[in-house]
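Use these hints to put chain B onto chain A, whose structure you have.
From first to last, the protein sequence lines stand for chains A and B.
Position 186, counted from 1, in the first sequence is what this note's numbering calls 186; the numbers after and before it change by one each time, with no gaps.
In this note's numbering, each residue carries its 1-based index in the second sequence increased by 352.
Warning: the hint list may mix true and false statements.
[What the hints assert, rightly or not] When the alpha-carbon atoms are kept at most 20 Å apart in a straight line, the in silico SDA-like pairs for lysine to any residue are as follows:
1. B:K375 x B:S391
2. A:K70 x A:R84
3. A:K109 x A:K175
4. A:K109 x A:I330
5. A:K109 x A:T195
6. A:K175 x B:W626
7. A:K175 x B:R619
8. A:K175 x B:L623
9. A:K175 x B:Q620
10. A:K109 x A:I202
11. A:K175 x B:P434
12. A:K175 x B:L622
13. A:K175 x B:L365
14. A:K175 x A:I221
Because the hints were derived from the structure by calculation, they are not lab data.
Note that the coordinates shown come from a computational prediction; the quantities given were computed from them, not determined experimentally.
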Amino acid sequence: MQLTKTVAARTFASLSSQLRVLSSVAVTLLLTFIGLTSVTFTIGRVMPADPVLAVIGDRAPQAAYDRVYKEMGLDRPIYEQYYRYLGELSRGDLGTSIMTSQPVLEDIKRFFPATLELSTIATLIGVLLGVPMGVLAAVNQGRLLDHFVRIFGLIGYSVPVFWLGMVGLLVFYGKLDWVAGPGRIDVYYDGIVETVTGFILIDAAIAGEWDIFHNAVSHLILPSILLGSFALAYIARMTRSFMLDQLNQEYILTARVKGASETSVIWRHAFRNVLVQLITIVGLTYASLLEGSVLTETVFSWPGIGQYITTSLFNADMNAVLGGTVVVGICFVGINMLSDLLYKTVDPRARS
Amino acid sequence: MTLDNKPLDEIGLKAWLLAVAPKSPAQARCQRAYLAWRSFRSNPIGMIGLCIVSGLIIVAVLAPILTSGTGLEPNLGNRLQPFSWDHWFGTDQLGRDIYDRIVWGSRITLYIVGLVSIIVVPIGLAIGTVAGYLGGWVDNFLMRITDIFLAFPRLILALALVAALGSGIENAVLAIALTTWSPYARIARAEVLSIRKAEFILAAQSQGASSARILLRHVVPMCLPSIIVRLTLDMAGIILTAAGLGFLGLGAQPPLPEWGAMISTGRQFLLDQWWVPTVPGIAIFVVSLGFCLLGDGLRDTLDPKASDR
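Okay, chain A solo, but in the shape it has when bound (with noise of 0.2 Å):
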């Protein structure tokens, strides 16, 4: 009886710190939309000299200036108008592309499976090999291979991404012939697989293609390694780091002296204690390759929504820009903030 008693209450106390965690994430996450969304208004609304005159060129005669000024709502205050601009975000609509007039929403629709598709196969290849790396570096810490890790980590901190990504194509693609050029797929294939989920591998293996799938592949693997080894580098590191705490701490040492075996202390022991740490470090890794893909995008010619955004901004679609910011910017702080949750609820230590 007494023993059901504590069981409950301890359980109800976790519960309602969890609870708290939560409740605590969620004012963070909501403010920082806020804060989002009251720069890109800033940067839409405010801070063009004149934003009639983005949208209608400044030949257009004053009735129908004095028609779009309204329309706006420029004529109102200006917490009214962020407030409206709320209520068309929440709504899904971003405005009007110039350059595809078309809803920018469906735009983003159409770019964005592309640059998820990158960033995930990346962040794939970042986890598969650097937390192993990370792993045997911290285990042979001050060794060959964790010089070599650490100097990787350098490197990778150092490049410039869309530098790497030009050279690795003139190498790769411009001399050995190894993979496919810029672009996601060749232009023969292109518009015959149809459109189920947006990845180009998937609908090629729903539909059986597997010329396209093949040619899809030789398309992704440049770009994806690239990307993939920045995220390695700091996934290794990370990891390194991680397991360096752990493998310093007494029941470490208590293992081994109960005469567990050198791969059991490693894996079973320090890296289960490791594991959540390292998602959230995953969650942010997807996070900044998402944002970061602009560059990578831009030298692969890849359609993705990086792509999307600096065409855009080239062809002063301002909509677009502010549409395109505030949908990868959602998701660059749902990630971070997910991860965050996540490792604050599963994590006793983070609660403290």
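Relative to chain A, chain B alone:
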């Protein structure tokens, strides 16, 4: 009369720097700097970084002596030349000497990096120290704002900002600075929290020093080491972002020899004249690496706790 009390010229510089009991605050400060330097000197990684970074500064300062022109005038008769004694790194599509442009470009890189630092560090320090020192709702409010900026996607936001403000070095710097300051506020606040209750702060308070004086004279100097380490480590990121904006055509505008913009304009010659876009990329890499290594070394010296990471 012990050794420590002799004037400087009698005992030599080294002994003066290593004296057990310094006689003046100035001597104590010199001693601390000297000891830090000795520990830094034994760190090969940091020394390589220091060499690269000071090399960059020397090249930027001596640019008029090191080059034969400004790297801006086209010379169409001399287009796309490969490496030679006349043109160490070849020439670009307008016949401009790439070596000259790299050397002059180092000034732009330093300018960007310097400008970002003098915007970011004071903002971060001001917000962080005020939040940490005053505590309460001020702390809560300022740290919420910091958190919001910390969670922003940096590159995309910089893109959107430059889109609104127009391209150019200054706007690129502004965009980078706006998305970079938040970690500094966090660091400064953490440092302040760890020393807020220290005895020397209490002593200053009981002597009637104002909050502003305590913050500026006593708190800020304590925050500087970790801020400097973080800034050096961030430099590579700042350089890469600036070069990325230049590559997209949103940073420095042609004909300025900004390295990212040079890669962008040289891109179409990659297949046949590979050196045109490759050399500026190597320059960016070497300089970023230099700052990374220097930052690593500084961290080992100034903040040994974190050096394992």
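These are the hints, each one checked on the structure:
For the proposed pair K375 of chain B and S391 of chain B, the alpha carbon gap of about 23 Å is over 20 Å, so the pair is violated. The hinted pair formed by K70 of chain A and R84 of chain A meets the criterion: a straight-line CA distance of about 13 Å does not exceed 20 Å. Distance check on the hinted pair: K109 of chain A and K175 of chain A sit about 35 Å apart at the alpha-carbon level, beyond 20 Å; violated. Between the alpha carbons of K109 of chain A and I330 of chain A the distance comes to roughly 14 Å, so the proposed pair stays at or under 20 Å and holds.
In summary, the hint linking K109 of chain A to T195 of chain A is supported, as the alpha carbons are separated by about 12 Å, within the 20 Å threshold. Distance check on the hinted pair: K175 of chain A and W626 of chain B sit about 11 Å apart at the alpha-carbon level, within 20 Å; holds. Under the criterion of a C-alpha separation no larger than 20 Å, the hint pairing K175 of chain A with R619 of chain B is consistent with the structure, at around 16 Å. The straight-line distance between the Cα atoms of K175 of chain A and L623 of chain B is roughly 9 Å, inside the 20 Å bound, and the hint therefore holds.
In summary, the hint linking K175 of chain A to Q620 of chain B is supported, as the alpha carbons are separated by about 15 Å, within the 20 Å threshold. For the proposed pair K109 of chain A and I202 of chain A, the alpha carbon gap of about 17 Å is at most 20 Å, so the pair holds. Proximity of K175 of chain A to P434 of chain B is assessed by CA-CA distance (about 18 Å); at most 20 Å being required, the pair is judged to hold. The straight-line distance between the Cα atoms of K175 of chain A and L622 of chain B is roughly 11 Å, inside the 20 Å bound, and the hint therefore holds.
Under the criterion of a C-alpha separation no larger than 20 Å, the hint pairing K175 of chain A with L365 of chain B is inconsistent with the structure, at around 60 Å. Proximity of K175 of chain A to I221 of chain A is assessed by CA-CA distance (about 16 Å); at most 20 Å being required, the pair is judged to hold.
This entry does not satisfy hints 1, 3 and 13, going by the numbered hints stated previously.
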